[in-house]
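J.: Model the full assembly from the supplied sequences, consistent with the hints where possible.
There are 2 protein chains.
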Amino acid sequence: MKMEIERKFLVKNDSWRQLVGTGLLCEQGYLSSSIDEATVRVRRMGNQGFLTLKGPTEGVSRLEMEYPIPVEDAETMLRMLCNGRTVSKVRYRFFCEGFTWEVDEFSGMNEGLVLAEIELENEEQSFDRPGWLGQEVSHDSRYFNAALAHQPFKSWRT
Amino acid sequence: MKMEIERKFLVKNDSWRQLVGTGLLCEQGYLSSSIDEATVRVRRMGNQGFLTLKGPTEGVSRLEMEYPIPVEDAETMLRMLCNGRTVSKVRYRFFCEGFTWEVDEFSGMNEGLVLAEIELENEEQSFDRPGWLGQEVSHDSRYFNAALAHQPFKSWRT
Chain R
1 MKMEIERKFL
11 VKNDSWRQLV
21 GTGLLCEQGY
31 LSSSIDEATV
41 RVRRMGNQGF
51 LTLKGPTEGV
61 SRLEMEYPIP
71 VEDAETMLRM
81 LCNGRTVSKV
91 RYRFFCEGFT
101 WEVDEFSGMN
111 EGLVLAEIEL
121 ENEEQSFDRP
131 GWLGQEVSHD
141 SRYFNAALAH
151 QPFKSWRT
Chain F
1 MKMEIERKFL
11 VKNDSWRQLV
21 GTGLLCEQGY
31 LSSSIDEATV
41 RVRRMGNQGF
51 LTLKGPTEGV
61 SRLEMEYPIP
71 VEDAETMLRM
81 LCNGRTVSKV
91 RYRFFCEGFT
101 WEVDEFSGMN
111 EGLVLAEIEL
121 ENEEQSFDRP
131 GWLGQEVSHD
141 SRYFNAALAH
151 QPFKSWRT
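Chains R and F are the protein sequences, given in the same order.
Residue numbering for the first sequence follows UniProt numbering, starting at 1 and increasing by one per position.
Residue numbering for the second sequence follows UniProt numbering, starting at 1 and increasing by one per position.
Any given hint might turn out to be false.
[Stated by the list, open to error] Cβ-to-Cβ under 8 Å is the rule here; a few derived chain R residues that face chain F:
| hint | residue |
| --- | --- |
| 1 | L51 |
| 2 | L53 |
| 3 | G55 |
| 4 | I69 |
| 5 | V71 |
| 6 | M80 |
| 7 | L81 |
| 8 | N83 |
| 9 | E124 |
| 10 | H150 |
These are computed hints drawn from the structure, not numbers from a lab.
Cβ atoms here follow ideal geometry from the backbone N, Cα and C, with glycine treated the same way.
T.: Here you go:
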């Protein structure tokens, strides 16, 4: 159990690609999601499965509890319990200017969207912004993964 | 991961009490529940915590996946993520006429309600009905624990 402090950004160019190796294919779905209530997420990341519960978002903080589960269970949940509320992406995790970043390159109905995340120890912690970092979207609920499972990026432009 | 086959009954007298020892205090809550979709349940049973996912009910069968979690996590979820959608009961588990039965004696807003459950290997499996067993309520959604968390037994009579 922990409080998760994350800030999320758009990516404005491809220079981050020079910093990364192979990404990890990630499929995740939502058994329950609402901005106001608890979110229950299942994730298959490479050969591992995870079940994650998150509390309501408060600022950029959020209660988070995560449990490893058998990857077969994760696949069953994604197929049978998420009613198509899923998101697929490749996750790249790398070190840049003193911090660990995660860049998610979405596919499927969210193709074209690339988001960068940094995890911080508290809401005020400062960090240097790499040159490829674009606009902050931490507070824009359209970019929440749970929201992208319902209203994918490609549907925004139609 | 398994398919759960359960049948649920009212209890028509107290003679089952002669068969049981001390029950286990059980508090459970729902992070998500709907008869049509997945149910996500957190349970504190004695000193153990569990997170359980159930698929939609099909007849008396239901996909169920359960994971042990730290009891502290279960308590945090019950307090912070269930929005008061909780049920408290004492569970008695005992052997009777060749089968394991579970009798749940509810408390709080469900006080007065006692339910018996038997777990079977398939929907057609037969069993002897003990003398204390009352009417079957397997298909009466008011008696689902998730429903009792929203609309407790005591509220039925008002």
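J.: Run every hint past the structure and note whether it holds.
T.: To see whether the hints hold, each was checked on the structure:
At a threshold of 8 Å, the smallest CB-CB gap from R/L51 to chain F is about 7 Å, leaving the interface hint in force. Here the hint on R/L53 is kept, as its CB sits about 7 Å from the closest CB of chain F, short of 8 Å. A least Cβ separation of about 6 Å between R/G55 and chain F falls short of the 8 Å threshold, and the interface hint therefore holds. Using the Cβ-Cβ criterion of 8 Å, the hint placing R/I69 at the interface with chain F is satisfied: the shortest such distance is roughly 6 Å.
Given the 8 Å rule on beta carbons, the hint for R/V71 is violated: about 12 Å separates it from the nearest Cβ of chain F. The beta carbon of R/M80 is positioned within 8 Å of a beta carbon in chain F (closest approach about 6 Å), and the interface hint is therefore held. Below 8 Å, beta-carbon pairs count as interface contacts, and R/L81 has one with chain F at about 4 Å; its hint therefore holds. Below 8 Å, beta-carbon pairs count as interface contacts, and R/N83 has one with chain F at about 7 Å; its hint therefore holds.
The interface hint given for R/E124 is violated, since its Cβ lies 24 Å from the closest Cβ of chain F, which is over the 8 Å cut-off. Given the 8 Å rule on beta carbons, the hint for R/H150 is violated: about 14 Å separates it from the nearest Cβ of chain F.
Checked against the numbered hints above, the structure breaks hints 5, 9 and 10 and satisfies the rest.
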